[in-house]
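Heads up: the sequence lines are chains E and Y, in that order.
Under this note's numbering, the first residue of the first sequence is numbered 1, with each subsequent residue one higher.
Under this note's numbering, the first residue of the second sequence is numbered 1, with each subsequent residue one higher.
Take these hints with a grain of salt, some might be off.
Said to hold, decoys possible - Quick partial rundown of chain E residues pointing at chain Y, CB under 8 Å, derived from the structure: (1) R76; (2) S99; (3) I174; (4) T175.
Stated by the list, open to error - So these bits of chain E aren't anywhere near chain Y, every CB distance computed over 12 Å: (5) A48; (6) P54; (7) A93; (8) T133; (9) T166; (10) E195.
Bear in mind the hints are in silico, worked out from the structure with no lab data behind them.
Glycine included, every Cβ here is placed at the ideal spot set by N, Cα and C.
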Amino acid sequence: MKLLLSGALFLLLGSSLANADAVDNRDPATIITEASTQILDLLDSHRAEYTQNPALLAQVVRENMLPLLDVVYSARLVLGRAGRQASEEQLMAFSKALSNVLINRYSGSLIEFSNKERIQVMPLKGKNTDTLTRVRTRIKLAEGNAVPVDFAFHKTETGWKIFDVTVEGISYVITFRNQIAPRVQAEGIEKVTEEIIAGNVTFDE
Amino acid sequence: MTHLDCNKLRQLATKTCIAVIIMLLTACASHPVTMTDSERDPWESYNRKIHNFNMAFDRTIFRPVAKGYDYIMPDAPQRGVRNFFRNLAFPVTFLNLILQGHFEESVEATGRFLLNTTVGLLGFFDIASRDGIPYYDEDFGQTLAVWGWKDSRYIVMPFFGPYTARDFLGRSFYGYAHPVSYYAREHNNYLPLVADLITLRASLLPFDEDIKTAHDPYTLIRDAYLQRRQFLIYDGDPPAPDYDSLLEDY
C-alpha cells in the first residue's frame, strides 16, 4: 500500500506554479500529466538531498500537492454525517491534519520512483459530468507491472481539484471513511484531530 | 522432498478444527466503535471472530514464516517465485476469460503463458509484461459476478481470510483448474500450495503496518477486499462510488 500510495502522491506532485487562490483552468488530464512530468524532474535533480532529509521531501510534496487537492471536500466525504455539526475551523483543522499525516507517511517512499517508471494517462471512461470526472492512470514499475491509479476530480471555484485517489481499485475516501467517521462520531472531531496530529509524530520516518 | 501423508494431514485438520472452536468460544467480544454494514456484511459478528482467529494465526505462525522467507530470500528471486506461481494460474485465467466471452484476451493470455514459460524460464521471468503484453486477472468468482451474481455477502474463512460467498464458491473450483491446487488434491502433497501461500504472504508484508495502525483492522481489510474484488470484476473500470451519498449520511 505504501509503495502504491506513494505512486499516487508521485503524480500529485509538481505544479509549483499553481497558487491556492488562483484559478486553475487546466483540464484534469492535463493537471495529472503536467504534475507527473514536473515531479520526475524534481525528484531526479534532488534525489540525494531528499534521501538524506525526508522532512524536506515531505515539505516539498506538501507545498506542491495542496494546490491540486480539495482536502476540505475529501474530509467532508470521509466524515459524512459525523462532520455535519463541525464548524468551519474544526473542519479545516481536521482536513489539514489528515492530509499532513498522509503526506508525511507516504512521501518517503517516493524516493524509490525514478524515471524508469512511466505514467500512462488512460482515455476517459465511465460516468463523467461537468462537475465530476475521473482520470485513470497506469504507473509502470521497473519490473514491468503496471499499478492502476485513478484520480477523482470535482470542479470548484478555483478549477478542477482532486478529492479522491484510488489505487488498485481501493479508494482513499471510502476506506478512510470507515476508519475515521465512527471514531469522530464517538469522540468528537476535535479529539480525533488531536489524535491524528499526535499520531503524526510516529509516522515520521 | 518431504511428503505430508494423508493421516498426518487429517490429524492436523482435526487439531485445527478444535483450535478454531476454542478460538470461537473464547474470542474477545470487545471491539471498537465501528461502521456496520448490514447489506454487505450481515455476518459481521461471526466474521469478526474468524478474523481474530486468523490474525492470531498470522501473528504466531504465518507472518513469522513469511518474514523468515523474506529475510533469507533477496528481492529479485522472490519476485521470480511470485512470477512463477502467477504464471501457473494461467488455466484459471484462460478458462474464465472464455467463460466471460473475452476470446481475444484469452489468446493474449495464452501468448503470455507460452512466452513466460519458455523464454521466461518456467515463468520465473515475466518477459511478457516487459514486452507490454497485458496481464489479465480472472477467476471463477469474477465469472459468477459477470454472469449476474453481482452482490455477495462478505465472509471471513478460517486460514483463507477475506472472501465473499460467491468468491469462495469460485475458489472451490481451484482443485480442478489451478495446477498447484490440483497437484495438492491429486497427490496429497500440499507443499507447493503452502509455498505459494508463504510467498504470497511475504509479498503482502508491506501492508502490515497499514493494518496494524488502522483504527479497526477488520473493516480496513473488508473494505479493501470488497473494493478490490469490485475492481477486478469490472476489469479495472468499476463504476465510481456515489460520492454525493457520502455527504448525506451512512
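Name the hints, by number, that the structure is in violation of.
2, 8, 9 and 10
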